[in-house]
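K.L.:
Residues per chain are reported as follows:
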Amino acid sequence: MILVFAEQRDGVLKKASKEAVSEGKRLSSKLSVPVAALLMGKGADQAVDEVKKFGPDKVFVMEGASLDQYSADGFAEATANVAKEQGATVILFPATTMGVDVSPRVAARVEAGLVSDITGLDVADGKLVAIKPVYSGKALATVKFKSDIQMVTLRSNVFPLEENSSAPEVTKVDAAGISPKGMVVSTELKEGGKVELGEAAIIVSGGRGLKGPENFPLIEEVARLLGGAVGASRAAVDAGWIEHSHQVGQTGKVVSPVVYIACGISGAIQHIAGMGSSKFIIAINKDEDAPIFNIASLGIVGDLFKIIPALTEELKKLA
Amino acid sequence: MNFLVFVKQVPDTETKIQIAGDGKSIVEDGVNFIVSPYDEIAIEEALLRKEALGGEITVATMGPNRGEAALRTALAMGCDKAVHLEDGAFEGADSFATAKALAAVVKKLNPDLVFFGKQGVGTDNTQVGQMVAEMAGFGHIGMCVKLEVDGDKIKGEREIEGGRETVEVSLPAVVVAQKGLNEPRYPALRGIMQAKRKPIEKLTVADLGLSADEVGAAGSRTEFASLELPPAREAGKKLEVEPEVAAKEIVAFLKNEAKAL
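Listed in order, the protein sequences are those of chains A and B. Be aware that the first sequence starts at 1, since it is given in the numbering used here, and climbs by one per residue. Be aware that the second sequence starts at 320, since it is given in the numbering used here, and climbs by one per residue.
It should be emphasised that the hints constitute simulated quantities derived from the structure, not laboratory data. Take the hints with a grain of salt, since some may be wrong.
[What the hints assert, rightly or not] Not close to chain B: a few residues of chain A, all C-beta gaps over 12 Å, as computed: (1) 31; (2) 34; (3) 64; (4) 114; (5) 170; (6) 208; (7) 251.
[Claimed, not checked] According to the in silico footprint, chain A covers these stretches of chain B (three or more CB under 8 Å from chain A): (8) 330-338; (9) 371-381; (10) 408-417; (11) 511-522; (12) 539-551.
C-beta: ideal position from N, C-alpha, C; glycine also.
Please construct the entire structure, taking both the sequences and the accompanying hints into account.
P.N.:
What follows is the structure in structure tokens.
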């Protein structure tokens with residue numbers, strides 16, 4: 001069986017989970033084994049209808065006091081229990097902050113090989129073959145498994161969503177006996193409506209060329225109009241202009257959006273490593289020799305303080 | 320309190336990656352190796368905790384002889400002693416086999432608090448800290464950006480999509496450091512001099528009570544079949560036009576090429 005850890009929070013299924021179930025379904029035909037989605041924690045029951053749309057053969061629902069709040073070791077124990085009982089040979093996770101945190105503990109429990117943040121998955125001789133960016137995307141590794149159980153976390157926005165309605169058998173799994181060591185005691189979400197960097201289809205990113213924190217609203221406005229997220233270069237983060245959670249690059253996030261708009265970013269090797277796999281790159285920079293132009297699908301040489309306001313006006317016309 | 324920090328020596332982030340003749344590793348000649356940037360944050364956090372609570376910090380690494388430089392850096396920053404897992408049998412380890420060896424170090428040293436960096440820059444996995452926690456039977460705080468030690472438990476904030484969550488874990492525990500947790504110090508000259516006299520204990524597979532087939536390539540659950548450079552990107556058109564024209568070009572591109580509007 002292919003088991004997909006389908007992260008949900010308060011009944012809302014993550015987009016990355018839908019991508020993981022879609023990929024599980026595709027793998028299930030390649031491997032000729034059934035695919036099951038595992039929903040865990042408070043609200044899991046409410047996410048069943050949504051997860052069904054992506055074609056699982058089975059859905060496991062685990063709720064209980066010990067799983068009401070996220071706990072890396074508790075969620076890992078619960079996942080490993082289901083995997084063992086069901087004889088799972090493949091376990092897929094979305095590479096969300098939860099998937100990244102839980103999956104290694106599951107791998108340790110079931111003695112599985114785990115490949116993180118993969119961007120490609122195939123089957124050869126009945127085993128998985130994963131494509132994994134290393135050195136922040138400066139190279140791509142093809143990774144094979146030696147273990148019986150094979151685990152991967154899937155990078156967001158890479159594996160296509162595929163609706164595939166099914167009428168799966170839904171099984172409630174008892175969460176009794178799980179006693180977490182570490183547990184979330186509170187969660188603080190920023191004001192709603194902001195798109196997360198790792199999940200965004202469009203990222204508008206600012207660098208040293210923005211000259212100061214007071215100018216970030218310029219690109220925030222463009223991001224808002226495009227329904228995208230705000231990114232930043234290390235230079236902008238290190239200068240304290242914007243929080244580290246926005247940093248794209250080798251010591252920040254590695255992202256693969258459909259469109260990456262780099263504003264006032266020269267394109268240091270560490271930054272390019274973090275966004276070089278974007279489908280389309282638009283660069284705005286006053287220095288016509290900036291390395292970012294070497295990888296830009298569309299390069300605009302000019303003053304971003306004139307171009308971005310003009311772009312904002314253009315986008316408002318479309319709204 | 321006893322602190323243990325694990326560090327990994329990695330190629331400098333400035334490194335231009337070249338694929339070696341075996342087709343599955345990188346050319347190391349001329350590469351400058353550094354302490355993985357996230358591990359520096361882990362070291363700094365241990366130093367801050369020791370300054371507040373007292374105790375001793377052991378820094379440990381697994382890897383070839385050159386790894387000693389990473390340990391010296393950590394000792395120069397202020398760690399008290401070092402452990403170097405150096406044995407041919409450790410070579411070629413994936414995250415699982417690495418965690419197996421490091422978990423044995425945890426068992427041997429019996430620390431209260433173990434620090435890891437979020438990921439080794441290069442392999443980019445974010446696995447080993449969590450795996451070691453599981454193998455050692457510890458709780459952990461992953462992607463930690465704020466930490467408080469409160470008696471026999473720790474409380475830490477971690478980044479999640481769209482916000483932060485606060486996790487509470489009893490000691491002993493593992494903390495996986497994310498950028499933002501602190502600002503790592505530079506080793507002072509005095510620290511560098513002192514580091515030369517601090518002890519580095521070498522440990523082999525046998526010293527850890529493990530067998531050679533549990534670690535290194537033999538104990539790994541995954542293996543690199545090949546390593547390639549990503550397809551080169553070609554530059555598209557580059558325009559130097561009036562801002563209004565540029566704006567229209569960008570919108571047209573988003574609509575027609577990227578189909579994002």
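K.L.:
Look at each hint and say if it fits the structure.
P.N.:
For each hint, the structure was consulted:
| no. | hint | verdict |
| --- | --- | --- |
| 1 | 31 | holds (18 Å) |
| 2 | 34 | holds (23 Å) |
| 3 | 64 | holds (19 Å) |
| 4 | 114 | violated (6 Å) |
| 5 | 170 | holds (26 Å) |
| 6 | 208 | holds (17 Å) |
| 7 | 251 | violated (5 Å) |
| 8 | 330-338 | holds (count 7) |
| 9 | 371-381 | violated (count 0) |
| 10 | 408-417 | holds (count 3) |
| 11 | 511-522 | violated (count 0) |
| 12 | 539-551 | holds (count 11) |
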